[in-house]
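Enquirer: Here the protein sequences line up with chains C and U, keeping their order. Throughout the first sequence, residue numbering follows our numbering, covering 7 to 169 in sequence. Throughout the second sequence, residue numbering follows our numbering, covering 11 to 418 in sequence.
Since the hints were derived computationally from the structure, they do not count as laboratory data. Source: prediction; values computed, not measured. A portion of the hints provided could be inaccurate.
As the list claims (entries may be wrong) - Covered stretches of chain U (in silico footprint by chain C; criterion: 3 or more residues with CB under 8 Å from a CB of chain C, positions within the stretch not fixed): (1) 42 to 54; (2) 131 to 138; (3) 238 to 251.
We treat Cβ as the ideally placed atom computed from N, Cα and C, and that holds for glycine.
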Amino acid sequence: MGLIQKIVTWARIKSPWVIHFNTGACNACDIEVIAALTPRFDLERFGVQLKGSPRHADVMVVSGPVTRQSRDRLKRVYDQLAEPKFVVAVGTCACSGGVFQGCYNVEGGIDMAIPVNAYIPGCAARPEAIIDGVVKLLSSLDPKPAALPAPVAEPVEKVDVPA
Amino acid sequence: MSKITIPIGPQHPALKEPASFKITLNGEEIYSMDMRLGYNHRGIEKACEERSFIQGLYLIERICGICSHSHSTAYIQALEELAGLQVPKRGLYIRTLIAELERIHSHLLWLGVAAHEVGFDTLLMYTWRDRELVMDHLAEIGGNRVNYAVNTMGGVRRDLTPDEIAHILKDVDTLEERTKYYAQVATEETTLVARLSKIGYLSQTDAEFLGAVGPTARACGVDRDVRRDDPYAAYGDVQFKVCVDHHGDVYGRVLVRVGELMESYSIIRQLMKNMPDGPIAVKSPRRIAAGEVYSRYEAPRGEDCHYVKSNGTDKPERVKIRAPTLANWRAVRKMIEGNYLADAPIIIAAIDPCFSCTDRAIELVRPAGAETLTWGALRQHGIDWHRKQGLDFAELNKKLNTQLGRVK
Numbered sequence: 007m008g009l010i011q012k013i014v015t016w017a018r019i020k021s022p023w024v025i026h027f028n029t030g031a032c033n034a035c036d037i038e039v040i041a042a043l044t045p046r047f048d049l050e051r052f053g054v055q056l057k058g059s060p061r062h063a064d065v066m067v068v069s070g071p072v073t074r075q076s077r078d079r080l081k082r083v084y085d086q087l088a089e090p091k092f093v094v095a096v097g098t099c100a101c102s103g104g105v106f107q108g109c110y111n112v113e114g115g116i117d118m119a120i121p122v123n124a125y126i127p128g129c130a131a132r133p134e135a136i137i138d139g140v141v142k143l144l145s146s147l148d149p150k151p152a153a154l155p156a157p158v159a160e161p162v163e164k165v166d167v168p169a
Numbered sequence: 011m012s013k014i015t016i017p018i019g020p021q022h023p024a025l026k027e028p029a030s031f032k033i034t035l036n037g038e039e040i041y042s043m044d045m046r047l048g049y050n051h052r053g054i055e056k057a058c059e060e061r062s063f064i065q066g067l068y069l070i071e072r073i074c075g076i077c078s079h080s081h082s083t084a085y086i087q088a089l090e091e092l093a094g095l096q097v098p099k100r101g102l103y104i105r106t107l108i109a110e111l112e113r114i115h116s117h118l119l120w121l122g123v124a125a126h127e128v129g130f131d132t133l134l135m136y137t138w139r140d141r142e143l144v145m146d147h148l149a150e151i152g153g154n155r156v157n158y159a160v161n162t163m164g165g166v167r168r169d170l171t172p173d174e175i176a177h178i179l180k181d182v183d184t185l186e187e188r189t190k191y192y193a194q195v196a197t198e199e200t201t202l203v204a205r206l207s208k209i210g211y212l213s214q215t216d217a218e219f220l221g222a223v224g225p226t227a228r229a230c231g232v233d234r235d236v237r238r239d240d241p242y243a244a245y246g247d248v249q250f251k252v253c254v255d256h257h258g259d260v261y262g263r264v265l266v267r268v269g270e271l272m273e274s275y276s277i278i279r280q281l282m283k284n285m286p287d288g289p290i291a292v293k294s295p296r297r298i299a300a301g302e303v304y305s306r307y308e309a310p311r312g313e314d315c316h317y318v319k320s321n322g323t324d325k326p327e328r329v330k331i332r333a334p335t336l337a338n339w340r341a342v343r344k345m346i347e348g349n350y351l352a353d354a355p356i357i358i359a360a361i362d363p364c365f366s367c368t369d370r371a372i373e374l375v376r377p378a379g380a381e382t383l384t385w386g387a388l389r390q391h392g393i394d395w396h397r398k399q400g401l402d403f404a405e406l407n408k409k410l411n412t413q414l415g416r417v418k
């Protein structure tokens, strides 16, 4: 790995900018994502910043089951992210469809529409779990094991939530 | 000047949830707004019909993560009335306590989001820090920060220990002090007052005519609150004031919500002081007698209505939900007209919109099969259908117009 690439990877790990997209969630995971960014949990200490435009973001945080109407929008927003891009599915619904499995307007989890790098289960996923998931995703980008993970290799193992 | 149309959403920095707005501009001024909902539509009403009553309760709770207790209480009240269950006093008190804690967390959340929409992120960080105190208590009582699942048929699932009561009272004091500070910021901070005053104005007549509910209506001078007008749970036992304001703009909505926070603290203190002893729930049957019930509940965003029809089995035949945000959309269209585009995010945020509560889809199934209708055809179909049932909305509208003194 050349020096420039090393610097780029270092910068990427130290300041991942995220965009949040709700594909049909009940709001619970959304407010927990915002709570993770506010003073009690303060995700910003890892350099994470919430951005408004997908073109500025490295990581897409998606919550909610994919509804029929939001699926195409989700794909379009995903396409607008610059490479390399990562997707974090927050909450049980985003992981698998959750309680809404089988509803006529719900397609299922996020991975029905786009590749996912990290799954954070929970209804709603606690801010601690979200932080842990994001940090695990970032540490998997560490250049020591040479290559970046291919999208949808394996779900990140289940997150331990501190009591 | 020629008009231009700007699409906002479904993914937009000012929106926390997906919804699509089409704003037509005349220069910098908003000429009209159209919206497209349905990105969050999951089909919960239909799904409830395929689940037993108690399974449906947990699904209903996930209509909205912010007012989950509101929906589950409105639903469970309907079921308890159908089944003829008498909930023990202590159960009702705990239910009311959770409802008020939820109102506090929802209003603090809104205050932060509203401040964020006008670029005052410091207040967002402050209110969200204080909100964590409430979240701790909800987690302590219910076992989960967001979907607490406290309600069950015939009462509540979790009891309070004296320790928890003492903790809650202590934190209510802290929160009250903080809220006083926010009230001071909201009324004395000149930039904030200037930014929020006179935008998104809605007159009292329009608020009544367009069917606005909750703090949106109360900020226009409509004195209406289900907790006082049609007391449920333990609201008949507590004294509180309904916060009404006559500003009619976004500033008024801030004042109403801050006032409601102070009332919530007082309600919680009264509940804690008079908390009766005894059981928290009664045993409930699996099957519920046939019948239909309409249940009302004052959610943080306004009146939440649930209609449940049972046919005597262990599953409901029909569940219909009218969430408060749905009632407020027409008011938003009215209040956004004539404002500047830069004010659109705060005007939309001022009703505390909750898209996940609101989104619905309509499909008409006729003997010949399903068909998709245009908006006009759907409207005509609705009018014809109601006329067949003996309900003429043209007549009712005329009556309402005469009552409100809007005769043309």
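Enquirer: Run every hint past the structure and note whether it holds.
Expert: The hints, checked one at a time:
With a cut-off of 8 Å between beta carbons, the stretch 42 to 54 of chain U has 7 residues touching chain C; three or more are needed, and the interface restraint holds. Note: the stretch 131 to 138 of chain U has 3 residues with beta-carbon separation from chain C under 8 Å; the three-residue rule is met and the coverage holds. With 0 residues having a beta carbon nearer than 8 Å to a beta carbon of chain C, the stretch 238 to 251 of chain U misses the requirement of three or more and the stated coverage is violated.
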